[in-house]
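Line order of the protein sequences matches chains G and F.
No gaps in the numbering here: position 111 of the first sequence is 111 in the working numbering, and each next residue is one more.
To convert, take the position in the second sequence, counting from 1, and add 1000; that gives the working numbering.
Keep in mind the hints are simulated off the structure, nothing from the lab.
Just so you know, nobody snuck in bad clues.
To give an idea of the interface, some chain G residues facing chain F are shown, with a C-beta separation under 7 Å as derived from the structure: (1) 123; (2) 127; (3) 128; (4) 138.
In silico DSS-like pairs for lysine-lysine, Cα to Cα no more than 25 Å straight-line: (5) F:1183 - F:1126; (6) F:1135 - G:224; (7) F:1095 - G:220; (8) F:1125 - F:1159; (9) F:1125 - F:1095; (10) F:1017 - G:44; (11) G:220 - F:1135; (12) F:1135 - F:1095; (13) F:1135 - F:1112; (14) F:1125 - F:1183; (15) F:1077 - F:1110; (16) F:1095 - G:224; (17) G:221 - F:1135; (18) F:1112 - F:1126; (19) F:1159 - F:1222; (20) F:1222 - F:1183; (21) F:1110 - F:1125; (22) F:1112 - F:1125; (23) F:1095 - F:1126; (24) F:1095 - G:221; (25) F:1183 - F:1159; (26) F:1110 - F:1095; (27) F:1159 - F:1077; (28) F:1077 - G:44.
Being a predicted model, the structure only gives us computed values, none of them experimental.
No residue lacks a Cβ here, since even glycine has one placed at the ideal position from N, Cα and C.
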Amino acid sequence: MFEMLAENLPFLLAGARNTFIVSILGMVFAVAIGLPVGLMRLSKTSWVRSFALVYIEIWRGVPFIISLLFLYFALPEILKLFWKVEISQFTAMLLTCVLWTSANAAEIVRGAVQAIPFGQTEAGMALGMTYFQRMRLILLPQAVRIMLPPMIGLFTLLLKGTAIGFIIEFRELIRVGQITIERLIMVRRETASIEIYTVIMLLYFLMCYPLTRLSAYFEKKLAKGKT
Amino acid sequence: MDAMIRFIDVHKSFGTKRVLAGIDVEVREREVVVIIGPSGSGKSTMLRCVNRLVEIDQGDVIIEGMSLRDPETDIIKIREEVGMVFQQFNLFPHKTVFENVIMAPVHVRKMKRSEAMEVAEILLKKVGIWDQAFKYPAQLSGGQQQRVAITRALAMRPKVMLFDEATSALDPEMIGEVLDVMKQLARESMTMMVVTHEMGFAREVADRVLFLDGGLIVEEGKPDEIFNRPREQRTREFLSKVL
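So here's chain G without its partners, still in its complex pose:
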């Protein structure tokens, strides 16, 4: 049993690493996009607001798996008409992560900024601050505290969501798990699926649990800061 694990764990960990990398990168880009989109959602200019709304609703509304299949199988066909590019499994996976997560991150940003009392904005205006100064100095520093727990929650959803990558052969944790099981079945190890899926569950848990704790910590800190 331990021998089998020792033999296969490095391969599984490589899968876990891919899962983690695509999730982290996806989250970083998603926040970078979600922040401006979330703020645009609160713009005074109606077309800016509409643009953000359409972006958010599309990428929140389309199932993860469809955008993944589209980006991996359909998009290259379209791009082929213009120039020669290939979309790797990793790229398709990352793009899908960024689209879905940025739309959700934008909603978190909007909610957090909206939760700041309007008096803060008025005080900033009365002191002669521009929109960007008010955002940078007053609203965002306060909003970040509110955003942290739901952002961490979003990240764990994303991390688990990347499991869907197995359908385009992206070598994340699930896919390498399947490969491992198939290999073991060939050498007549009948209990392989029990063992490997247990290990996979454990690995997901190990990745997500610290994040859940972190989120709980920030939430507690936030509640304390209010009084």
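With the hints as your guide, set chain F onto chain G.
Below, chain F without anything else, positioned relative to chain G:
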């Protein structure tokens, strides 16, 4: 003396509700103008027109020769010169008292940080909050917070100060300490527009009192005239309720 702020036939509606129905008034340099009137009479809205927290529908407000309706006017320049104090203080809760005070001078006035810190120290000492300077607003009493809010506005070296019911959210025992700071400012010849329910303050400090009702200035005059010999029936009725 020249008019520092001039309201010219200012109209404002929120939806179908008319809040200002043609305000015409001048505030001269170094003058303390106190605005009184029943709630919903448009006092706060009138004040907020000055720094364009409220956009006016019709008419104009001229501040030091700059028209608020002129598209060439840089509203930031006006707001730098117009300090405002709010009923709810609106201090920045994530910053210390000290940071609250130096933020705008540094980022808006582009003052050197060391210079802004000196100004902040002098002003905070003057309003008696220097010993609280490195606490967060939530750790201060309401009266202290409002004194910080006044200091924050003063740190910009404004030419005019607007007070929007600055003592209305305070516990009674803290109203005095805030009014004292405002009186001190008036003695130092700051130009002030003050919306308040504190009739004692109006009587003592105002150079001129405006009585607003239904979005119009019903009566204006020296405190003695308004409080002791009001000409208008509506003014008399209002004063009989609040005095």
